[in-house]
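A.B. asks: Okay, here's what each chain looks like letter by letter:
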Amino acid sequence: MKSLSGWFAKGRLSQQIDLLHELVSRDMKILYKRSMMGIAWTLINPLLQLAVFAFIFQIVLPVNIPRYSSFVFSGLLVWNWFQSSLFQATGVITNNRPLIRQPGFPVSILPVVTVMTGLIHFCLALPILIIFIAIDGIAITPALMYLPVLLLLQFVLTVSLTYPLAAVNVSFRDTQHILGVLLQLLFYLTPLFYDISHVPDRLQSVYYLNPMVILVESYRQIMIHGMPPNWSVLGILSLVSLAILPIGHRIFKRQSNRFVEEL
Amino acid sequence: MRYAVKVEGLGKRFRRFHGDRPLTFQEAVVAGLRRMTPVEEFWALRDVSFTVFPGEMLGILGQNGAGKSTLLQLVGGVGRADEGKVKVNGQIGALLDLGAGFHSDLTGRENVFVSGVVAGLTRREVARRFDEILAFAELESFIDNPLRTYSSGMQMRLAFSTAIHTDPQVLLVDEFLSVGDIAFQAKCLERITRLKKEGCAIILISHSAEQIEQLCDRAMWLKAGQIFAYGEPEVVAGQYVAEMRSETRKRTPVRPPQMTRSGVELRVNDNRFGSLEVEILDVRLTPATEIKSGGALRIDIEYLAERPIAAPIFGVSISHKDGLVCLDTTTATMSIPLSSIQGHGQISLQIDRLDLNTGDYFADVGVYEQDWKYAYDYHWHTYPFAVKSSIQTQGSLCPPHRWEVSKVTSDLISKHY
Chain A
1 MKSLSGWFAK GRLSQQIDLL HELVSRDMKI LYKRSMMGIA WTLINPLLQL AVFAFIFQIV
61 LPVNIPRYSS FVFSGLLVWN WFQSSLFQAT GVITNNRPLI RQPGFPVSIL PVVTVMTGLI
121 HFCLALPILI IFIAIDGIAI TPALMYLPVL LLLQFVLTVS LTYPLAAVNV SFRDTQHILG
181 VLLQLLFYLT PLFYDISHVP DRLQSVYYLN PMVILVESYR QIMIHGMPPN WSVLGILSLV
241 SLAILPIGHR IFKRQSNRFV EEL
Chain B
1001 MRYAVKVEGL GKRFRRFHGD RPLTFQEAVV AGLRRMTPVE EFWALRDVSF TVFPGEMLGI
1061 LGQNGAGKST LLQLVGGVGR ADEGKVKVNG QIGALLDLGA GFHSDLTGRE NVFVSGVVAG
1121 LTRREVARRF DEILAFAELE SFIDNPLRTY SSGMQMRLAF STAIHTDPQV LLVDEFLSVG
1181 DIAFQAKCLE RITRLKKEGC AIILISHSAE QIEQLCDRAM WLKAGQIFAY GEPEVVAGQY
1241 VAEMRSETRK RTPVRPPQMT RSGVELRVND NRFGSLEVEI LDVRLTPATE IKSGGALRID
1301 IEYLAERPIA APIFGVSISH KDGLVCLDTT TATMSIPLSS IQGHGQISLQ IDRLDLNTGD
1361 YFADVGVYEQ DWKYAYDYHW HTYPFAVKSS IQTQGSLCPP HRWEVSKVTS DLISKHY
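Order-wise, the sequence lines are chains A and B.
Just so we're aligned, residue 1 is where the first sequence starts under my numbering, counting upward by one.
Just so we're aligned, residue 1001 is where the second sequence starts under my numbering, counting upward by one.
If you're looking for bench data, these hints aren't it; they were derived computationally from the structure.
A hint or two may mislead.
[As the list claims (entries may be wrong)] In silico DMTMM-like links for lysine to aspartate or glutamate, alpha-carbon gap of 25 Å or less:
#  : chain 1 : residue 1 : chain 2 : residue 2
1  : B       : Lys1223   : A       : Glu261
2  : A       : Lys253    : B       : Asp1364
3  : B       : Lys1087   : A       : Glu261
4  : A       : Lys253    : B       : Asp1082
5  : A       : Lys253    : B       : Asp1105
6  : B       : Lys1223   : B       : Glu1243
7  : A       : Lys253    : B       : Asp1322
8  : A       : Lys29     : B       : Glu1140
9  : A       : Lys33     : B       : Glu1140
10 : A       : Lys253    : B       : Glu1040
11 : A       : Lys29     : B       : Asp1322
12 : A       : Lys29     : B       : Glu1290
13 : B       : Lys1006   : A       : Asp136
14 : B       : Lys1388   : B       : Glu1243
15 : A       : Lys33     : B       : Glu1265
16 : B       : Lys1087   : B       : Asp1144
17 : A       : Lys29     : B       : Glu1008
18 : A       : Lys33     : B       : Asp1105
19 : B       : Lys1223   : B       : Glu1008
20 : A       : Lys33     : A       : Asp18
21 : B       : Lys1085   : A       : Glu261
22 : B       : Lys1388   : B       : Glu1306
23 : A       : Lys29     : B       : Asp1355
24 : A       : Lys29     : B       : Asp1097
25 : A       : Lys253    : B       : Asp1328
[What the hints assert, rightly or not] If you anchor each label on the Cβ, the simulated ranges turn out as follows:
#  : chain 1 : residue 1 : chain 2 : residue 2 : range
26 : A       : Pro246    : B       : Asp1047   : 47 to 53 Å
27 : B       : Asn1089   : A       : Pro246    : 27 to 33 Å
28 : B       : Gln1026   : A       : Asn64     : 55 to 61 Å
29 : A       : Leu48     : B       : Gln1026   : 54 to 60 Å
30 : B       : Asp1047   : A       : Ser35     : 36 to 42 Å
31 : B       : Gln1026   : A       : Ile236    : 48 to 54 Å
32 : B       : Glu1132   : A       : Ile120    : 57 to 63 Å
33 : B       : Glu1306   : A       : Pro246    : 33 to 39 Å
34 : B       : Tyr1003   : A       : Lys33     : 50 to 56 Å
[Unchecked claim] From chain B, some residues computed to sit far from chain A (all C-beta separations above 10 Å):
#  : residue
35 : Glu1008
36 : Leu1023
37 : Thr1024
38 : Gln1073
39 : Arg1124
40 : Ile1182
Every residue gets a Cβ at the ideal spot worked out from N, C-alpha and C, and that includes glycine.
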């Protein structure tokens, strides 16, 4: 934690913000330039997913969830941010050797850059979600102002998980593949296209051990149901994230040092 | 004056792992976790201490693998030292891995911004210096093209120009003169000299002793991770050149100490030098340790040549332990023609009389390439022996001698006058 607070204490906060800005915009630019449709992909992907789920769960195996488009799309956006950040951040040490070898470069910023890039994609897709909400006839309520709190919480949680993952990837380069498989499983175990009320009661408490369940439910609470989230559950989740953060960060620093030393 | 860089007792240990250390979970499960532990540890740097003040330039010489780059990395805060401390005052700039952080899909301009900010500037600071960076790199008309359209020389120029315009107080430079063409190199050099005048502390790695001598205020010679020489650049660079010139050292392979048949330890680069294409396996002196002055000495040299070696030269030199060479003889100077040798063999030198004075001596034995280009094997100060003389005299020789005193006749004296 010492070095984490170190980068703010140096009185170069504005430089750190610029660094974050440059690295995030670098990632975005590379994405734009590499694919013909550029940023459109970040919208097309969840829309296609939505179309498939709508087809299956409205027509093939109908489930009784009102305002299904808003319901699924909100879940997908939240999940995609989490999944893509975690997946990409796992490679941040092994893919950024030149940056890590740069004297004075704050290595700890790398996962933050990845999660930030994901957040920007999330925000770019947000208007579409708002459109779905409007189509589904859901009133926008003041509860929506809690959105930044949820975004911040998800941000911190994701960053705190990426630190140890990126560190493990230094020793075991197939971490990313294994993570892909695990995330795929977790995708089905998170109530994205079904409702948590469909889960048997005695399993629900187990479900809530998955932090993404808490987050997805909270987003829907404020956006679809127009109600404030369950603060006590979010409070526990914040504490857990903040507890993991310094431990993960320490392992991350040690492994990134080890990584640059390896020839 | 406040130092810019202070390094105290720096040590860095590297771990060597099994060649087939598992790199994935899959392999780890298959192999078991036992191969995860390092098989060997070695010090890449040890006991390195120095101080660099603002406006000073320290040059670091050393062969590949001597620990130069590791040292520069640790000073730059990359990696972690196992021993000792590095203290740096001020912002560090680095001319290391130039252009490695560039992205080929981004334009030159975008890359300058990213690397400037990565090097520690704010966006505004990069913007303010942008024209200067561009002018220095001489790339004005290309700057908005993607980097992949640049030649490698252009990329280097842009990288160098960006790195040098970050106003560092401490600059770390690794072999910078490989950048671009001669004209650009001169410009880089001038720019570095100017930074130094403005008070920037510079640590420069170079293979060129000449460059270090010209540019630096102080020089350090790193050898196997330790400071071998430190001080005036002329002196250190001179020593470095003297050693590097000797072809023999370059060709001396790394090899663990080994014993001759008679049980003398040979340590490469300590008492043994040479390419070891021909190996001297054993050297026997008869009599073994002590010779009477004027006595005979026989030196038997056993050798092994794995592959055929054309016309090697064998040599023996006998020197006093103070360094005075008393005898130096070779098969070449004695016109002993040796044709090609291969396999085991023996060659002997018979000295009928060794008229040396009392003292401790060494027989240095070597076998050399036919044109004296380098040594195949040379054992230096490995075979000691003592000479005992019954007569007490000064000087290095003690041949049989006597004084004869005769009467001077008075006629001779008178004739003379």
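A.B. asks: Now look at each hint and say whether the structure bears it out.
C.D. replies: So, going through the hints one by one against the coordinates:
no.: 1; hint: B/Lys1223 - A/Glu261; verdict: holds, 19 Å
no.: 2; hint: A/Lys253 - B/Asp1364; verdict: violated, 54 Å
no.: 3; hint: B/Lys1087 - A/Glu261; verdict: holds, 20 Å
no.: 4; hint: A/Lys253 - B/Asp1082; verdict: holds, 15 Å
no.: 5; hint: A/Lys253 - B/Asp1105; verdict: violated, 29 Å
no.: 6; hint: B/Lys1223 - B/Glu1243; verdict: holds, 12 Å
no.: 7; hint: A/Lys253 - B/Asp1322; verdict: violated, 55 Å
no.: 8; hint: A/Lys29 - B/Glu1140; verdict: holds, 22 Å
no.: 9; hint: A/Lys33 - B/Glu1140; verdict: holds, 22 Å
no.: 10; hint: A/Lys253 - B/Glu1040; verdict: holds, 24 Å
no.: 11; hint: A/Lys29 - B/Asp1322; verdict: violated, 72 Å
no.: 12; hint: A/Lys29 - B/Glu1290; verdict: violated, 82 Å
no.: 13; hint: B/Lys1006 - A/Asp136; verdict: violated, 67 Å
no.: 14; hint: B/Lys1388 - B/Glu1243; verdict: violated, 36 Å
no.: 15; hint: A/Lys33 - B/Glu1265; verdict: violated, 65 Å
no.: 16; hint: B/Lys1087 - B/Asp1144; verdict: violated, 40 Å
no.: 17; hint: A/Lys29 - B/Glu1008; verdict: violated, 44 Å
no.: 18; hint: A/Lys33 - B/Asp1105; verdict: holds, 7 Å
no.: 19; hint: B/Lys1223 - B/Glu1008; verdict: holds, 17 Å
no.: 20; hint: A/Lys33 - A/Asp18; verdict: holds, 22 Å
no.: 21; hint: B/Lys1085 - A/Glu261; verdict: holds, 17 Å
no.: 22; hint: B/Lys1388 - B/Glu1306; verdict: violated, 40 Å
no.: 23; hint: A/Lys29 - B/Asp1355; verdict: violated, 85 Å
no.: 24; hint: A/Lys29 - B/Asp1097; verdict: holds, 23 Å
no.: 25; hint: A/Lys253 - B/Asp1328; verdict: violated, 61 Å
no.: 26; hint: A/Pro246 - B/Asp1047: 47 to 53 Å; verdict: violated, 34 Å
no.: 27; hint: B/Asn1089 - A/Pro246: 27 to 33 Å; verdict: holds, 28 Å
no.: 28; hint: B/Gln1026 - A/Asn64: 55 to 61 Å; verdict: violated, 43 Å
no.: 29; hint: A/Leu48 - B/Gln1026: 54 to 60 Å; verdict: violated, 32 Å
no.: 30; hint: B/Asp1047 - A/Ser35: 36 to 42 Å; verdict: violated, 53 Å
no.: 31; hint: B/Gln1026 - A/Ile236: 48 to 54 Å; verdict: violated, 36 Å
no.: 32; hint: B/Glu1132 - A/Ile120: 57 to 63 Å; verdict: violated, 32 Å
no.: 33; hint: B/Glu1306 - A/Pro246: 33 to 39 Å; verdict: violated, 59 Å
no.: 34; hint: B/Tyr1003 - A/Lys33: 50 to 56 Å; verdict: violated, 45 Å
no.: 35; hint: Glu1008; verdict: holds, 19 Å
no.: 36; hint: Leu1023; verdict: violated, 5 Å
no.: 37; hint: Thr1024; verdict: violated, 4 Å
no.: 38; hint: Gln1073; verdict: violated, 7 Å
no.: 39; hint: Arg1124; verdict: violated, 8 Å
no.: 40; hint: Ile1182; verdict: holds, 27 Å
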